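Protein chains in written order, with full-length UniProt numbering: chain A, 1 to 296; chain B, 1 to 316.
Because the hints were derived from the structure by calculation, they are not lab data.
Given the structure is predicted, the values throughout are model-derived calculations rather than measurements.
A few of these clues could be false.
Think about it this way: if two alpha-carbon atoms lie no more than 27 Å apart in a straight line, the pair counts; the simulated BS3-like pairs of lysine-lysine are [to be verified]:
no., chain 1, residue 1, chain 2, residue 2
1, A, K124, B, K105
2, B, K105, A, K26
3, B, K105, B, K189
4, B, K19, A, K26
Some chain B residues flagged as far from chain A (calculated, every beta-carbon gap over 12 Å) [said to hold, decoys possible]:
no., residue
5, F31
6, G59
7, R71
8, A89
9, W160
10, K162
11, M170
12, E260
13, T265
14, E268
15, F297
Coverage of chain A stretches by chain B, computed from C-beta distances (three or more under 8 Å per stretch; other residues unrestricted) [said to hold, decoys possible]:
no., segment
16, 76-86
17, 151-163
Yeah, the Cβ is synthetic: ideal placement off N, Cα and C, and Gly gets one too.
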Amino acid sequence: MTTLAARPTATAPVRQASRRGSRVRKTLYWIARHAIAVALALMFLGPLVFVALTALMSDNQALTGELWPDTWNWGNFADVFARSNLLTWTANTFMYAALGTAFMLLSSVPVAYAMARFRFRGRKLAFLAVITVMMLPPQVIAVPVYLIWARMGLTGTLWPLILPMLLGDAFSIFLLRQFLITIPREYTEAARVDGCSDFMTLLRVILPMARPAIAAVALFQFFYCWNDYYGPLLYAQTNEANWTLSIGLASFRALHSVQWNLTMAATLLVTAPVIIVFFFAQRVFIEGVTLTGVKG
Amino acid sequence: MSSTTYAAPPRRRRGEGLKALLWMSPWLIGFAVFFAYPLVATVYFSFYRYDLFTLQFIGLDNYRYFFHDDRAWISIQNTLWLVVFMVPAQLIFGLGVAQLLTRLKAGAGFFRTVFYLPSLVPVVAGTVAFVFLLNPTGPLNQALEFFGIAAPDWFGDKDWSKPGLTLLAMWGIGNTMMIFLAALLDVPKHLYEAAAIDGAGAWRQFRSITLPMISPVLMFSAVTGVIYALQYFSQAMIAARVASGVTDSAGSTFVPGYPELSTLTLPEWLFHSGFRDYSMGYACVLALVLFVASMIFTLILLRQFRVFTDDDGGNR
């Protein structure tokens, strides 16, 4: 539409009048679109703003439904730390996320490389298996898997969530494979001709080229672990020493029944690190997300 | 690196099979231990009564019980509700927001970041926040009352708890929106220009150009959306816990689904049967129901998107 308007058109007065009309209409559309965008932005940000405002209210005011704090109770954040094991939860969550991500990278990158580059019978089948596992609701296999970990005496800890990462993660393999397959074969063939082993090719040729994809997969995995509720609920709920932030936060309201202000302060504290990381790694995220989709 | 112009060496068809097996061995072990074995074991346990201590063969009793278990049927209905209403709501909203983003000339990057941001908020945090925001005296209801709309008691009312969860899902639309945005930007501009010259209006352009061009992405998002809806667990569980104020721990009185089982999903009932009531055999029956449902959609996905499994990823 813009290109059409930019074209030189006939100078007849009628055309000019209609052009002026369409320019007015276009300006109105411009305003309308941006007004909708601003309204949507307020809707998307609104919940976070209300959480922040409530987090700063006094105990009593938080129950009133008022929107603006009478007094700014910055001490609420300190209260959250004092009244809950937030530091332990954070440490547990961090351990889960960091080890989970490290183990996942260690195991999944070579698998994805093999699936993207080696030629072998059943390579398609192997990839179909990855997609099937990726799409399987985790609850389907929960009972037998739980029993495996119970027999090993590891229920009540986070290890049943961390250790399997050493055996590859379907979603990460899928994503990495989709990226690696776009690297032209010429690069790996050239490395082979130069006498590189497969391992050296992966290390020297593939890894540097696949850095954006690896960064995206690592971030996704870290955030997945950080936000995971189902896994810790299944394995660590019974042992408070091993609670994660999500378990702690979900129990927070029941433990501190009427203190919405503290609950919201805790909510904000759990959310903040994720948002901060996002602002530093925005690009990685956005590229990674589009990789999960299918090309139109 | 000077050898790029070389003819590629003859490909060794043999030998790579063994190598691939070796490289993929961690994943193959993982597949066997955490997929194949558990699936078989789930079928096996479904014929037993098992509470972690005694294992007793009871034939088809678990299956018979399933057909008389009201909560199982309620949970299936709730999960279907999510498939029928929540998934389309997400798709339509995500597409609308993405379409809007393509048309913004000022601040497109800023708006994109803002719209994406909520999808990063941890599930628990987002859900706790929404239960608070949607409480009877909360900001949303105050706004609704300001406009003279009778506001519901969202997470305290069995008819409004699922719509409340749908609002939460729409708030976290970021990933879907990004995928749609990438697809919309991939549509060749000249198609729209040609249509505009032919006098096609905005709606006509959307129907005749945009929709057909992005339909693979739309289908992909729809199918994965359904599969994720079948797994819907955490948000429903947390909303019920926070709204009812009862903690869930082994042996506690908490029953998921508050209020009046309206948020009880199939995975939740499975989890509760297996790990709170310790009816693990029965939980396996529910697991098989969930497995069949998700497999149907996984197969649709695999059939529709051969591109996925193309050797070159559909890129050449």
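(message) When the structure is checked against the list of hints, which entries are broken? Sort them ascending.
(response) Numbers 1, 4, 5, 11, 13, 14, 15, 16 and 17 - these are the hints that the structure violates, sorted from lowest upward.
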